[in-house]
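Number of protein chains: 2
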Amino acid sequence: MNKMFISAGVALALGAGYSLTAFSQAKPEVMVKQRQAAMALQGKYFGPMAAMAQDKAPFKADVVAYNASLLDALSRMPWDGFDASTKDVKSGTLPAVFTDTAKFKAAADQLQSAVEKLVAASKGSDMAATKAAIGGVGKTCGGCHDNFRQKP
Amino acid sequence: MNKMFISAGVALALGAGYSLTAFSQAKPEVMVKQRQAAMALQGKYFGPMAAMAQDKAPFKADVVAYNASLLDALSRMPWDGFDASTKDVKSGTLPAVFTDTAKFKAAADQLQSAVEKLVAASKGSDMAATKAAIGGVGKTCGGCHDNFRQKP
Numbered sequence: 109m110n111k112m113f114i115s116a117g118v119a120l121a122l123g124a125g126y127s128l129t130a131f132s133q134a135k136p137e138v139m140v141k142q143r144q145a146a147m148a149l150q151g152k153y154f155g156p157m158a159a160m161a162q163d164k165a166p167f168k169a170d171v172v173a174y175n176a177s178l179l180d181a182l183s184r185m186p187w188d189g190f191d192a193s194t195k196d197v198k199s200g201t202l203p204a205v206f207t208d209t210a211k212f213k214a215a216a217d218q219l220q221s222a223v224e225k226l227v228a229a230s231k232g233s234d235m236a237a238t239k240a241a242i243g244g245v246g247k248t249c250g251g252c253h254d255n256f257r258q259k260p
Numbered sequence: 109m110n111k112m113f114i115s116a117g118v119a120l121a122l123g124a125g126y127s128l129t130a131f132s133q134a135k136p137e138v139m140v141k142q143r144q145a146a147m148a149l150q151g152k153y154f155g156p157m158a159a160m161a162q163d164k165a166p167f168k169a170d171v172v173a174y175n176a177s178l179l180d181a182l183s184r185m186p187w188d189g190f191d192a193s194t195k196d197v198k199s200g201t202l203p204a205v206f207t208d209t210a211k212f213k214a215a216a217d218q219l220q221s222a223v224e225k226l227v228a229a230s231k232g233s234d235m236a237a238t239k240a241a242i243g244g245v246g247k248t249c250g251g252c253h254d255n256f257r258q259k260p
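Listed in order, the protein sequences are those of chains A and B. Heads up: the first sequence begins at 109 in our numbering, then just goes up one per residue. Heads up: the second sequence begins at 109 in our numbering, then just goes up one per residue.
Any given hint could turn out to be false.
Unchecked claim - To spell it out: a stretch of chain A is covered by chain B in this simulated footprint if at least three of its residues, at any positions, have a beta carbon under 8 Å from a beta carbon of chain B; those stretches are:
{"id": "1", "stretch": "145-159"}
{"id": "2", "stretch": "171-184"}
To be verified - Under the rule of at most 30 Å between Cα atoms (straight-line distance), these lysine-lysine pairs were calculated in the BS3-like manner:
{"id": "3", "chain 1": "A", "residue 1": "168", "chain 2": "A", "residue 2": "211"}
{"id": "4", "chain 1": "B", "residue 1": "168", "chain 2": "A", "residue 2": "164"}
{"id": "5", "chain 1": "A", "residue 1": "168", "chain 2": "B", "residue 2": "195"}
Said to hold, decoys possible - To list a few chain B residues with every Cβ distance to chain A over 10 Å, as calculated:
{"id": "6", "residue": "209"}
{"id": "7", "residue": "243"}
{"id": "8", "residue": "254"}
{"id": "9", "residue": "259"}
No wet-lab data here; the hints were simulated from the structure. For each residue, glycine too, the CB sits at the ideal point set by N, CA and C.
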C-alpha cells in the first residue's frame, strides 16, 4: 500500500496510526443507535461498489473514489459504540463482541486496512485492482459479521 | 478559508467542488433510514465539540481535529437521502424540504462550508478561532433545523 495515496484521507490528516474515540459518555442505547447508523452508512456507500465489483453494475471510477473516501471515515466510526455498557441492549450483536474483544478489534482493524487499500486503488486507473480491493473490503465485512453478528 | 488546509480532507481528495450522489436507487424507507443515520452520527461527533465551544467540557484540540475530519465526511451524506420519493415516508422532515429545494440545498451547502472552515481551524493552534468555527457549524445545524425539521 502506497502511503502517499492515503495522505488525502482521514488517516494522514491526523497522523498515521492515529486513533481516538469520540470523547463522549453516551447512554448505551445511544451508542447502539450510533454504531448501527455507521453500519447502515457503510452499506450505503459499499453496496454500489460491491455491485460494480461483481459486474452487476457498470464500473464508475469516480463513484468508487467518492464512496471509498466516505467509507474511509465510516470505517472508523462504529467501534467505540461496542462499549461494554451496551452488552445488554437489544441488537444483532453477538456476545463474542464483548468476550473476545481482541479478535473483534482485529476484525475492525482489518476493515480499516482493507478500506485504506481501496482508497489507494481507487485513485489509480487499474479497474481490476480496484475491483479486487472492493472485494477485499467485502471479505472483511463478511468475516466480521460471521463471527460477531447474529444471522439475519 | 485557506484552501491548503482542506487538501487533506474529503473535498480535495476528489477535486475542489466535486459533488456526487451515492449512485443508488434505494427504496424510500432505506433512504430515510440512511439520512437519519448520517444526522445521528453528525450529532455523535459534533456534540462533544459543541460542549467544548460552550466551555461545558475541557477543550481538547486532538479530539476536535479528529471529530471535525469525520464530520467533514458526514456533512456530505444526508442530502441525497432527501429524495422526492421519500416525501410520504414518516420522519421529522418538514414538507419545505421537498417544496423549497433551493433553500434546502443552500442550507446543506452552508453546513458543508462551515465544517470545512472548522476542519481548517482545527489544524491550527488558535483555540478561540476553533471554538468560533464550532459555533459556526452549530449555527448552520440550527438554522436548517428551524426551517426544515419538525420541532421535537
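A quick look at each hint next to the structure:
Three residues within the 8 Å Cβ limit are the bar, and the stretch 145-159 of chain A against chain B gives 8, so the coverage statement holds. Look at the stretch 171-184 of chain A against chain B: 10 of its residues bring a Cβ nearer than 8 Å to a Cβ of that chain, three or more, so the hint holds. Only pairs whose Cα atoms come within 30 Å are accepted, and residue 168 of chain A paired with residue 211 of chain A is rejected, the gap being roughly 35 Å. In summary, the hint linking residue 168 of chain B to residue 164 of chain A is not supported, as the alpha carbons are separated by about 46 Å, beyond the 30 Å threshold.
In summary, the hint linking residue 168 of chain A to residue 195 of chain B is supported, as the alpha carbons are separated by about 29 Å, within the 30 Å threshold. With a cut of 10 Å on Cβ distances, residue 209 of chain B stays outside the contact zone with chain A, its closest approach being about 21 Å. Against the 10 Å criterion, residue 243 of chain B stays outside the reach of chain A, whose nearest CB is about 18 Å from its own CB. Every CB of chain A is more than 10 Å from the CB of residue 254 of chain B (nearest about 23 Å), matching its label as outside the interface.
With a least beta-carbon separation of about 21 Å from chain A, residue 259 of chain B lies farther than 10 Å from that chain, consistent with its non-interface assignment.
Hints 3, 4, counting from the list given before, are not met by this structure.
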